[in-house]
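Trainee: Here the protein sequences line up with chains A and B, keeping their order.
Using UniProt numbering, the first residue of the first sequence is number 1, and each one after it goes up by one.
Using UniProt numbering, the first residue of the second sequence is number 1, and each one after it goes up by one.
Hints listed in this document are in silico derivations from the structure and should not be mistaken for laboratory results.
Hints should not be assumed to be uniformly reliable.
For chains that are exact copies, the list does not tell them apart, and a pair is met inside one copy or across any two.
List time: in silico SDA-like cross-link candidates among lysine to any residue, alpha-carbon distance up to 20 Å [as the list claims (entries may be wrong)]:
id	residue 1	residue 2
1	662	233
2	529	75
3	490	115
4	429	644
5	667	232
6	543	448
7	667	250
8	500	455
9	431	377
10	500	454
11	525	116
Protein chains: 2
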Amino acid sequence: MAASMVRQPSLFIIIFFAFAFSRTSCDHHHPLDPLTPAEFIAVRNVIKKSYPTSSKYNLTFQYIGLDEPDKHTVLSWQSKPSNTETQTPPRRAFVITRFDKQSHEIVVDLSSRSIVSKTVYKGHGYPLLTLEEQVVASELPLTYAPFIESVKKRGLNISHVVCSTFSIGWFGEEKSKRVLKIQCFYTNETVNLYMRPLDGITVVVDLDELKIVEYNDRFVVPVPKGEGTEYRLSKLKPPFGPHLNSVAVESPDGPGFTIDGHTIRWANWEFHLGYDIRAGPIISLASIYDLEKQKYRKVLYRGYLSELFVPYMDPTEEWYYKTFFDCGEFGCGLFAVSLEPFTDCPSNAVFLDAYYAKQDGEPVQISNAFCVFEKHAGDILWRHTEPGIPGETVREVRPEVSLVVRMVATVGNYDYILDWEFKPTGSIKVKVGLTGILEVKADIYTHTDQIKEDVYGTLLAENTIGVNHDHFLTYYLDIDVDGEDNSLVKRNLVTKPETKNISPRKSYWTVSTETAKTESEARIKLGLKPSELVVINPNKRTKLGNNIGYRLLPGSVSSPLLSDDDYPQIRGAFTKYNVWVTPYNKSEKWAAGQYVDQSRGDDTLAVWSLRNRDIENKDIVLWYTLGFHHAPCQEDFPAMPTLTGEFELRPANFFESNPVLKTKPPKHVALPNCSSTHH
Amino acid sequence: MAASMVRQPSLFIIIFFAFAFSRTSCDHHHPLDPLTPAEFIAVRNVIKKSYPTSSKYNLTFQYIGLDEPDKHTVLSWQSKPSNTETQTPPRRAFVITRFDKQSHEIVVDLSSRSIVSKTVYKGHGYPLLTLEEQVVASELPLTYAPFIESVKKRGLNISHVVCSTFSIGWFGEEKSKRVLKIQCFYTNETVNLYMRPLDGITVVVDLDELKIVEYNDRFVVPVPKGEGTEYRLSKLKPPFGPHLNSVAVESPDGPGFTIDGHTIRWANWEFHLGYDIRAGPIISLASIYDLEKQKYRKVLYRGYLSELFVPYMDPTEEWYYKTFFDCGEFGCGLFAVSLEPFTDCPSNAVFLDAYYAKQDGEPVQISNAFCVFEKHAGDILWRHTEPGIPGETVREVRPEVSLVVRMVATVGNYDYILDWEFKPTGSIKVKVGLTGILEVKADIYTHTDQIKEDVYGTLLAENTIGVNHDHFLTYYLDIDVDGEDNSLVKRNLVTKPETKNISPRKSYWTVSTETAKTESEARIKLGLKPSELVVINPNKRTKLGNNIGYRLLPGSVSSPLLSDDDYPQIRGAFTKYNVWVTPYNKSEKWAAGQYVDQSRGDDTLAVWSLRNRDIENKDIVLWYTLGFHHAPCQEDFPAMPTLTGEFELRPANFFESNPVLKTKPPKHVALPNCSSTHH
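Work out the full structure: start from the sequences and follow the hints.
Mentor: Written out as structure tokens, the structure reads:
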């Protein structure tokens, strides 16, 4: 959500020997593989060489990621036989550095170890924040005399104060500096610092100078109590419960999937799992094997979380700016946590690491950043019992198994469980679980009867208001239904009067199909009328003549409630519609723009879409926003049970018939004469 | 969905000895336990005695179920200490018989073995259809000369013809007879008869006479091919796939739940699982243990599927009447199938049987009608990783386990997977999976290019149209949030301008609370405005003063598209709103009325609600409709991958804080040195 607490980077740094470097020089890369540690080092070395005067204080790497090759290059590479060795497209890195108070965009070619291009960005907004500059900024108040005084005034002990960094948004200012706000918390008695804010204090830090440039202590409210905020099992007191039984989930034949580099194959699916510090997991080149056609068919060229907009609904001086763009400002991938076996992912999960570069360009490993597991939830893939055939008992049931790829982004207080679930039916379910800790503000109230004004949230504990907010997760979905050129079709369900007197029936609904020709025809608020959205391949039909397609099945739908002219909504205008479609454009990756920190909304999906380009029978990208309005409740205190949202991409006349008709039920495995071991 | 194929009843009849009877006479019954086999026999004997002249042909039992005691009686029984033995309220059965072409309502007292009341129903509509009369009706065409001729005319072999029964609805007729329509199918080459309809033929059977009263062979269309319609694994040909890996799910300590009679206890939940031939599973007296208050607290007095309305969207003479009310006409519980271990339910499931009475009053067992299992889907109950505390690594993760109660109703072609999922967080998720076989009609088309008219569906295979239709599942939810007297509160999220110039922010949303005072204020179409629906107990508040409540979280929402004055919609008017609230009234159980077959919509929820009764701070019932519009696609052929819908009841300020904060993660169980056995 927002508050950016900091991984201790020193713990994770890994040292690269010749072995690591040797991996760079070989050609086993998939063109969409994320950068390797050795590649990060190469990038750093190339760039540092070109800034001979830079000291570590004035050149910072804000972003280093794969400079994704052009789509046609990747597809052409993919279509070539895998044994030819020289096919891999050139590896390039895209880099944003801060240097002399400017943002520099640099493309580095990794094979030639040279800079391909280098420009200074002159537009609005700033790049991703680094963890390291946030650590430094968040520690500044602790040695800042007026802050020390404020802490004393509150009767608190500075040694228990921890501070956190908050992006400040943009509210119409003509000029801007690269600054952050700092909020501080009290950690005495608890590690749940978010529940113990020191409110009334405003601290602004200039990130290019790394110093406090504004300080204001406006009022004192009680710091909420530590009591009841602890969530560590080791610190909680009995009674414990409810008791949950232990369980063993084992695949005796080992996992049903293979991981080859970053390519994962399972059941009828094949896809590439990438990683990026902004997006987190990136699913690419997802194809499904068609048993009847005996070949893999394309479904999704690239899918990832493009932005995560979290506006808070408290307009007061202390809170109005809290309108975070977690992926573009803080990095949803950068905040990936190391997943814990058996709890974050079930016992049959396989874990994968991820790598990013620190502010100084050094690679850092996030161990267990992803897990991949087969999900056996007890659901049914399809079934039928047929008692109608004389003398025969027919009962055919296929239990469901699916494959889940999971990453958890803990952006400060909030934990986002980001799941991509692949089903053998061809469905892709994208799920988000919200958990972690709420952002609260301190207030004077200890009972709702005392509250006579709008407090912009719910009283969760004494002196603790859980502030109302939204979460909008905007997904980039470059769907390629059986090929690149696709169209968005609205299959509207329309009531028809039965006027021909062919029967006593007076009405029915039928499907009225409408193809979106331009971008404006594909901006859709869901739920206003009954309609199915289908991405079709207008160039291919089933044997029977139906358009080959994939449907979007939304879950529960939310739309923003801010006024269109409010600054956060201008920056987050891409959430106004649940669905947008754009023609594929390599540069249009981030719904909130490339430079999101203090952005002014001039480089968003909503702006690109104003060109109203043709999207019929084009290589199109579907943008889907999954949203939550969150008015907190006491159950969310002091840590919040997961709240889940999801959507599904489901084949619709993509296959000639049920693609899992010929799936055999997995064998049941009994574990008879063995003693289990608890640990 | 509709076509009512018939369980071979002779296979299931069980013989009752003294043992079974002895169970009736003891007082171990929970007052909401479904009738036992011995009780069915007692009911039959008592009633048969009172109809001395009745032969088996003119007295039929259309419905025998528990005559549920008054709610206050049950609650008073429940509140007494469990060791007093004489508390059980009197057991009574509610019976509907057909006798001399009339519907009789009879209440039988089971302890005195006497009839308490007996009335003849004079209103519109007819009771549930029995399986046995449908079997007889469905076999009539096979010996009916004009039908034999029609089969010959089509060049088919009558020995492969199987027929099925269809309720006819009501379309404004002034007078009605108790009739059914019959549709026949061809089973040569396949057991997937639904895909091989003999269309163009109308057969009407009088159920009181059990003879064909109308016959019409209007046109001949090709019977769709059998090829490609088979779904039995044993009959399918290679290649098979996709391959799904085997898995073992074991709880080495045994199940984490106990089943005591019909009462199930698991984690912090306790509830009663009943069974009824109309509703299927009935959840009663669901309470959750509050660790802080150290007591069970009420959540749901009674919840069940009240009706399942499935209107088809083909207005032609052959199809217009297909507007089924599966629970009220056919019996969603009556069509419960025997669940298959390891496929219908995972290996850690426990199975329960159900009993109903045949048309002659004899009890029948449905073995494995329910399964109960702990679901380990790999989800996360709550988590947080906290890197922000200097010198400490905090990572607390609780994996989710939930408890699922499942029944599958295969009403002819369609299989409905009815799940009730209880979560330790206090959430109850109600899920429905639609699978099985579509209802299709035969047509002349073999390619969509030939189609120049509305065919009311999708071409799924040659000569096979999957007809558009809806599924509306209306749930009865007598929610008792911490006590009986509750109110429905709409927590509307309202955009507010920020006009006080307290900050540069221009807008925010806040919660504006509205309590529904009368029924009309609680008829709600969801999705039209951002609003949270909460059932609160206005008489209880949390320590902080928040209203104790439970939220309704809808899933994807659908509303009917038929015109309000169309006959099926008059009968199904209760689907017009997604949410209704009524004051508790023992007689208002069935949303479509007590007599649904050929009903005229005069006894529905929509009619009761017109009284516009007070519902504020009353014992209220929430009615929720979960709906699907289904425009079939080729993937649904020849058997349909499960399509799932759901809604959730989730505590909202019901607990003082997160109720699973003190849940310990279940122990991980390793299964080290043991060899697994496939079977």
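Trainee: If a hint holds in the structure, say so; if it doesn't, say that too.
Mentor: Outcome of the hint check:
With identical chains, the CA atoms of residue 662 and residue 233 are at most 20 Å apart between copies only, with a shortest distance of 7 Å across copies and 47 Å within one. Taking the shortest alpha-carbon separations for residue 529 and residue 75, neither the intra-copy value of 37 Å nor the inter-copy value of 44 Å comes in at or below 20 Å. Taking the shortest Cα distances, residue 490 and residue 115 never come within 20 Å of each other, neither inside one copy (46 Å) nor across copies (59 Å). For a Cα distance limit of 20 Å, the shortest separation of residue 429 from residue 644 qualifies both inside one copy, at 12 Å, and across copies, at 12 Å.
In this homomeric assembly, residue 667 and residue 232 come within 20 Å of each other (Cα to Cα) only across copies, at 17 Å, whereas the closest approach inside a single copy is 40 Å. In the homo-oligomer, the alpha carbons of residue 543 and residue 448 lie at most 20 Å apart only across protomers (9 Å), although the nearest pairing inside one protomer, at 65 Å, exceeds that limit. Proximity of residue 667 and residue 250 under a CA criterion of 20 Å is satisfied in both settings, with 13 Å inside one chain copy and 15 Å between copies. Taking the shortest alpha-carbon separations for residue 500 and residue 455, only the inter-copy value of 15 Å comes in at or below 20 Å, while the best intra-copy value is 59 Å.
Taking the closest pair of Cα atoms, residue 431 and residue 377 come within 20 Å of each other both inside a single copy (15 Å) and across two copies (13 Å). Only between protomers do residue 500 and residue 454 lie at most 20 Å apart by alpha-carbon distance; the minimum there is 13 Å, versus 58 Å within a single protomer. In this assembly of identical chains, residue 525 and residue 116 lie within 20 Å of each other by CA distance neither inside one copy nor across copies; the values are 42 Å within and 57 Å between.
This entry does not satisfy hints 2, 3, 11, going by the numbered hints stated previously.
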